[in-house]
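Undergrad: Heads up: the sequence lines are chains A and B, in that order. As numbered in my numbering, residues 1 to 574 make up the first sequence, in order. As numbered in my numbering, residues 575 to 727 make up the second sequence, in order.
Rather than coming from a laboratory, the hints here were simulated on the basis of the structure. All the given hints hold, so there is nothing to weed out.
Okay, the calculated beta carbon distance ranges per label pair:
| no. | chain 1 | residue 1 | chain 2 | residue 2 | range |
| --- | --- | --- | --- | --- | --- |
| 1 | B | Glu-611 | A | Asp-98 | 36 to 46 Å |
| 2 | B | Pro-641 | A | Lys-55 | 49 to 59 Å |
| 3 | B | Glu-727 | A | Thr-368 | 50 to 60 Å |
| 4 | B | Ser-715 | A | Asn-170 | 27 to 37 Å |
| 5 | B | Pro-641 | A | Gly-392 | 54 to 64 Å |
| 6 | B | Asp-584 | A | Ile-315 | 27 to 37 Å |
| 7 | B | Pro-641 | A | Met-1 | 54 to 64 Å |
| 8 | B | Asp-584 | A | Gly-290 | 33 to 43 Å |
| 9 | B | Pro-641 | A | Gln-490 | 47 to 57 Å |
| 10 | B | Pro-641 | A | Gly-28 | 51 to 61 Å |
Predicted model only: the values in this text are computed from it and were never measured. Where is the CB? At the ideal position from N, CA and C, for every residue including glycine.
These are the residues of each chain, in order.
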Amino acid sequence: MSFLMEVNNKQIEARKGETILDALNRNGLKVPTLCHLKGSLPTGSCRMCVVENLKTTKLITACSTPVEPGMVLLTHSPRVIDSRKTIVELLLSNHPDDCLFCVRNKNCELQDLSEELHVRERRIKGVKNVHHLDRSSASIVRDPDKCILCGRCVRVCDEVMGVSCIDFINRGSQSVIGVAFNKSINTSSCVNCGQCIMVCPTGALSEKSHFPELIAMLNNPEKTVVVQYAPSISVSLAEEFNMAPGTDINGIMNAALRKIGFKHVFDTTFTADLTIMEEAAELVQRITTGGTLPMFTSCCPGWVKFAEEFYSELIHHLSSCKSPQQMMGAVIKSYWAEKTKTKPENIYSVSVMPCTAKKFEAQREEMTTMGITEVDAVLTTRELGQLIHMYGIDLQNIAAETADSPLGFRSSAGKLFGATGGVMEAAIRTAYHMITGNELIQFKIEALRGFDGCKEAQLTINDLTISVAVVNGLANARKLVESIKKGEKQYHFIEIMACPGGCINGGGQHIGASESAVKARMKTLYDIDDKETIKASHKNPEIQQIYKEFLGEPLGHKSHELLHTHYCKRNVLL
Amino acid sequence: METKIQGILDRYPAEKTENLIPILQDIQDHDGFLSQESVIEVSKYLKMPSSRIFGVATFYNQFRFTPLGKYHIQVCRGTACHVLGSVTVLDEVEKNIGVKAGQTSRDGMFSLEVVACIGACGLAPVIAINGNFHAKVTCESIKEILDNYRNQE
Ligand code: SF4
Ligand code: SF4
Ligand code: FES
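Model the full structure from these sequences, guided by the hints.
TA: Rendered as structure tokens:
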């Protein structure tokens with residue numbers, strides 16, 4: 001049911017049950033918000049979104065007040081603007097004054113508001129926040145001094161990720177966001193997904209950076225510095241340079257990476273294909289020999305840690321395959337090192353990932369062989385953007401290049417890894433081939449595409465019926481795993497990605513991207529799959545080559561040594 | 575698994591988070607404080623994240639997270655005591671024993687708690703040590719009182 005209400009002396013259409021904020025936004029009217037988090041119940045705590053209700057003469061919060069017929073509102077009356085400005089001034093009163101040194105300089109909601117509301121002097125002087133900077137995590141840096149207590153991180157961690165390792169602690173002016181017992185975040189159940197960074201309006205949350213070491217390595221003549229990038233990077237990096245969301249700049253990115261000084265440029269999508277070879281073989285083996293089912297994917301380090309903490313009894317259900325990042329790390333320092341006669345210890349292997357949890361994964365004990373780490377430094381998409389800016393590379397004016405070969409050629413199936421459901425689609429294509437010896441005719445599985453939190457499909461391969469599920473967002477994973485434990489659901493194979501939408505919306509991606517931008521990234525991945533001819537991992541000639549020259553067979557001896565791993569129960573502050 | 579606080583948890587239904595505060599109160603009555611282990615136990619029993627339990631517990635002044643000292647000092651911060659200078663009293667006690675409210679001195683001798691009103695306004699400013707009231711305290715008398723406890727050792 002819809003009705004009219006008056007806003008700024010004009011009638012607008014409002015729908016019963018929606019909030020004032022939704023009605024305003026739908027009608028093209030903007031009011032600033034801070035604590036508001038799309039998709040989450042409003043808390044109405046920051047009061048930045050106040051509007052003036054002329055009937056009651058009260059200031060009411062647009063984000064948490066439902067529309068009513070006959071409401072008469074002003075969104076930018078002097079009283080409203082004054083009130084918003086005071087809120088910003090109060091937030092600034094205890095905020096550190098170090099914008100110029102802040103990771104979020106020029107991309108900070110507090111800065112924007114202060115600018116929009118024309119704050120030009122320090123009217124309210126408060127005691128500056130002094131808290132302990134938490135650098136304990138391999139992925140996440142928490143700087144509570146910059147926290148404005150909007151609570152968005154707490155809600156994402158709870159409602160989207162189902163982790164809830166952070167919450168409001170203490171009361172009133174003593175309030176902080178923190179971990180139980182004020183411990184460092186590395187002792188908590190934090191899975192390093194970085195979704196809290198994505199929603200933080202300020203620099204209170206950011207990724208752990210390895211810039212100084214990386215730059216030293218780039219300038220160290222003894223080191224061969226190589227780089228790999230995940231499937232989703234080429235379709236999301238463009239946004240760091242104000243290009244249209246979903247633009248694929250793979251070739252330009254290759255060229256930029258070489259200009260920065262990376263000696264060799266590899267595509268993690270190649271090892272996504274390799275993962276599919278191993279994982280599909282593992283699935284077929286488990287199904288045909290009565291192995292443990294359902295099998296879960298293991299390429300998302302956020303999900304792997306989540307399983308180790310909350311569902312350690314199911315660890316043997318996880319595929320033993322390492323993630324594409326770690327497989328690439330392993331083959332660079334073995335196969336490629338041998339081929340190019342480079343000493344593994346002289347290789348500095350960098351990866352560019354859409355993900356903060358990959359930083360954690362790279363330093364896991366299991367990912368080091370005889371003192372040699374597979375991946376030495378992990379950059380997020382954002383950090384690669386900064387690096388390109390730092391080296392003064394003009395993406396508009398460089399010619400596209402291809403990645404190195406070997407380890408740089410990919411199928412379009414591997415590219416799908418970047419979106420939720422992609423690993424599943426790719427795995428099915430190859431599993432089908434492994435079981436039947438034929439190629440799938442209908443490549444696309446529509447039921448597994450798109451942003452739904454949990455998707456399922458049933459597939460018939462010869463006389464086998466395989467049921468699969470695809471989940472994104474760990475809160476959805478928790479629901480699914482609980483229903484499997486209760487025996488309500490049964491599957492053979494389940495893909496889980498921690499981040500909503502998968503890697504295209506990972507915690508290392510561009511901050512402040514709209515929903516439509518993320519959709520555009522997904523669409524580009526699907527378009528690549530539609531357009532290209534090598535649509536299955538086992539058809540990738542470089543994959544065939546690495547098995548012939550080096551690995552032997554999927555699940556063979558060499559594969560086990562290099563490409564597979566194990567997991568362990570984790571005791572953390574739950 | 576048989577745990578220390580199992581007896582307390584058994585009195586409440588599992589996964590019913592509305593019992594959180596009574597459970598925490600029972601544990602504190604029993605142990606004198608909320609330990610990390612007991613919070614994790616409660617977290618598992620109620621299926622509630624330990625961060626949230628800690629968040630709730632730190633909202634209230636009554637919960638402590640360190641064991642009580644041999645001598646537990648309560649400083650009243652009620653209205654009457656406030657008017658008669660309990661801020662200075664608290665400050666003096668904190669300085670004397672070297673810890674803040676809610677903490678326990680490293681040697682385990684003293685623990686400190688701030689209470690809203692102890693119900694002895696006629697004695698303001700008042701502190702209580704292991705339940706014994708000390709009336710109309712001053713900076714000098716606090717030093718004396720605490721030294722007396724120290725000398726008993
Ligand atoms: S990184 Fe993920 S799991 Fe960790 S605190 Fe942030 S949202 Fe929660
Ligand atoms: S850390 Fe960031 S997202 Fe979390 S409450 Fe503080 S300002 Fe908000
Ligand atoms: S955005 Fe509405 S109260 Fe914070």
